[in-house]
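Student: Spelled out from the first residue to the last, the chains are:
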Amino acid sequence: MSAIGKLLDQFKGVSKQALRAMGGSGQLGYGVPADAFAEGLRRKPHYIGCDMGSIDPGPAYLGSGELATAAETTKRDLKRVLLGARGADIPLLIGSAGCAGASQHLNATLALVREIAKEEGLRFRLASIRADMPRDFVKKQRAAGKITPLGGIIGELTDEEIDASSNLVGQMGTEAFVRALEKDVDVVIAGRACDTAIFAAIPSMLGFPLGPVMHMSKIIECASICCVPGGRDAIIAELEGASFVLESMNPQRRATPMSVAAHSLYEQSDPVRVAEPEGVLFVDSADYQAVDDRRCRVSGARWENARKPSVKIEGARRVGERAIMVCGSADPRFIANLDSILPQVQEVVRGLVCEPGEVPDYSLLFRRYGLDGVYPWPTPPAVNPREVFIMAEIIAPTEGRAMAVAKTTKQFLLHHGFPGRLSTGGNIAFPFTPPEISCGSAYRFNAYHVMEVDDLAPLFPIEVEEVGS
Amino acid sequence: MTRLDSLARVVRSKNAGPLTITLDVMFEDRADYDRALQSPGFSTEAIGKAYGIPASGVEIMPYPKALAIKVSMDRKIVAGDPGDRDVYGAQQHAPILALEI
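Read top to bottom, the protein sequences are chains R and U. Positions 0 to 468 (numbering that gives the first Met the number 0) are the ones given, in order, by the first sequence. Positions 0 to 100 (numbering that gives the first Met the number 0) are the ones given, in order, by the second sequence.
Hints in this document: simulated from the structure, not taken from any laboratory. It is possible that some hints are incorrect.
Below, computed lysine-lysine pairings styled on DSSO-like, alpha-carbon distance capped at 30 Å [what the hints assert, rightly or not]:
{"#": "1", "chain 1": "U", "residue 1": "K13", "chain 2": "R", "residue 2": "K145"}
{"#": "2", "chain 1": "R", "residue 1": "K78", "chain 2": "R", "residue 2": "K43"}
{"#": "3", "chain 1": "R", "residue 1": "K145", "chain 2": "U", "residue 2": "K75"}
{"#": "4", "chain 1": "U", "residue 1": "K48", "chain 2": "U", "residue 2": "K13"}
{"#": "5", "chain 1": "R", "residue 1": "K78", "chain 2": "R", "residue 2": "K117"}
{"#": "6", "chain 1": "R", "residue 1": "K11", "chain 2": "R", "residue 2": "K43"}
{"#": "7", "chain 1": "R", "residue 1": "K74", "chain 2": "U", "residue 2": "K13"}
{"#": "8", "chain 1": "R", "residue 1": "K307", "chain 2": "R", "residue 2": "K139"}
{"#": "9", "chain 1": "R", "residue 1": "K5", "chain 2": "R", "residue 2": "K74"}
{"#": "10", "chain 1": "R", "residue 1": "K307", "chain 2": "R", "residue 2": "K138"}
{"#": "11", "chain 1": "U", "residue 1": "K75", "chain 2": "R", "residue 2": "K138"}
{"#": "12", "chain 1": "R", "residue 1": "K43", "chain 2": "R", "residue 2": "K117"}
Generate coordinates for the entire structure from the input sequences, incorporating the hints supplied.
Tutor: Take a look at the structure:
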C-alpha cells in the first residue's frame, strides 16, 4: 500500500486525531540542516513537505531552465528527504522543483531522484506534476480579458510576449497535489507551485478546516523562519483541527506568539491577506498563544473560496548575452570625476566598436559600488569614499559582441585621460585577469500576471511512475 | 525627534514578487510602534519623498499583532531587468533609516 493510502486509512473514521506536518526545508537545494531533520523524523510526522521554489532569484533560472541550486547540494538534500520519508513510509511532497518549476527544472529534479533511488535501492510510486502553461490557452484567456498584471510596472500581456517567453509557468494550487495523491503515490514532485499547496493537500483531503490548514501551510513552508532566531531547520506543526501548534526541530529556535505573528509580514505585500488559486486566506483574525517557551498555538485564520479559480503566471524571455568587467579605484581624483569620466568612456567605446553613424546594438552600464551601485541616491555622498568598485555590464546580441565591448571598455577606462589626472599609469585596479567575464544569456520577466480560468486541473497534468522497479 | 533606525528593532526590505517592494519596520514595544505610526515623519508623504515617488504610490499597513508597520510600493524597475540594482530587493530599506520620528 502506498504511503498516502496508509495515512488515509489511519485517519479513516477517527476524529480528534492530530496531524503532524513536517516542513523539511523552505529552500531545498541550498542544504538541509541534518540534526533538526533527524529530530523531526523522531517525532513521527505524518508527512514531509519541502519547498524548492521562489521567484526572488530573478528571471535567469526561469528563462534558462537551469537549476538555481547546485546539482551536488540538490542531490544531497533530495537524498536526505527521500531516505527520511521512505524510511518512515510517509508521503513526501516537493514543490517548485529546481526553483523556477518549468519542465527543464522538473526533469532535472526527477533525474536526480531516479539516480538516488537507484544508488540507495529505493522503490516507490512517484507522481510528477507539470506547470508549463499551454501558450494557445494563455492567448485565448488573454483575448477573453481574463489576464491581469500583478502590478503597475508590468504592462498588459501580449501574444508577442507569450510567444517570446522561453518558459511560461503557472503556480499550481492545492487541487493539483490532491489529484496527484489520489493516484495512490509515495512521493509527489511538482513544477511551479504555491508553497502553501505542498502542505495543504493532505490535511484538506482529511477534512481539516481550510483556514488553519492554509495558515499552517503558509508558515511551515519556510521551515523555522517563523522562530526567534529564525533559521532553516525543520519544523513540525501539529494540526489539531481549529488550531495548530508549531515547534522548531532545532532546540535553539523558539516559536513565540510575536515571532509567528511577524512571519506573516515576510515577502508579502499585505500582512493579513494571502491570495491562492482557490481562494484567499485572511490572518487578521488569527490568534497566537504560547504553549511554552518554544511552542506557539495558532488559531482563527479564515479561508474564503474564490468565485473563480485563478493562476499566477510567470514568464521570462532572453534579452541578449551578458558580459561584465570588474575593477576598482583608489584614486581620489578619478573617483571625484566619475560622473563625467564614465559617460565619456561610453562614448569612446561606442566610437571604437561601432562604425561612424552606426546605432549601438549593445547596452553598456557602469555600476559604481561605494557611490550608488546598490541604490540610486538622489544626491552624492558628503565625502567621497576611499575606494570605489566599478562593474561594467554589457548586454549584446551575441557573447562575442558582449566580450568585445567589455574588453575595449576595460582598456579605455584604464587609460582614460581627464583634467587634473595624476595616475597616468592607469585609473583602475583589476583583482585578477581576465577581468572581463562572460555571464551567459540575460533574461527579464515578461509575465507576472494572474489568469482567471474555469478549471485548474487541465493546466497541471500528472504522470505516475514506479521508481526503482 | 529620533531617527527610525534608533527607534525600530527591525527595518528590512524585500521583494513581494518581482513588481513590488515591501518594507517591514518592527518595534520593541507598543509605545515605539504607536509613536512611529502617528508620526508625520512616517507618513506616505515622508516615505514617498525618501524614495522620490508620490505619496499615492506608498501604502502603509499597520500590523499591531507583530508591533510592525508594513510599507509596500511598486518597484521602479522589474526585479532582474537590465539596469536593476537589487534583484531580491533586500537593500531598499536604506532611504528610510534616517526618517525623523
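Student: All hints, please: hold or fail.
Tutor: Hint check:
1. U:K13 / R:K145: Answer holds: K13 (chain U) to K145 (chain R) is near 29 Å, not above 30 Å.
2. R:K78 / R:K43: It holds: about 19 Å lies between the C-alpha atoms, which stays within 30 Å.
3. R:K145 / U:K75: 26 Å, holds
4. U:K48 / U:K13: Roughly 19 Å separates the two Cα atoms, so the pair holds.
5. R:K78 / R:K117: 11 Å, holds
6. R:K11 / R:K43: With a Cα-Cα distance of about 19 Å, the restraint between K11 (chain R) and K43 (chain R) holds, given a limit of 30 Å.
7. R:K74 / U:K13: The given pair, whose Cα atoms are some 29 Å apart, holds under the 30 Å limit.
8. R:K307 / R:K139: Cα-Cα ~17 Å, so holds.
9. R:K5 / R:K74: 27 Å, holds
10. R:K307 / R:K138: 19 Å, holds
11. U:K75 / R:K138: Holds, because 28 Å separates the two Cα atoms, which is no more than 30 Å.
12. R:K43 / R:K117: 26 Å, holds
Comparing the model with each earlier hint shows no violations; every hint is respected.
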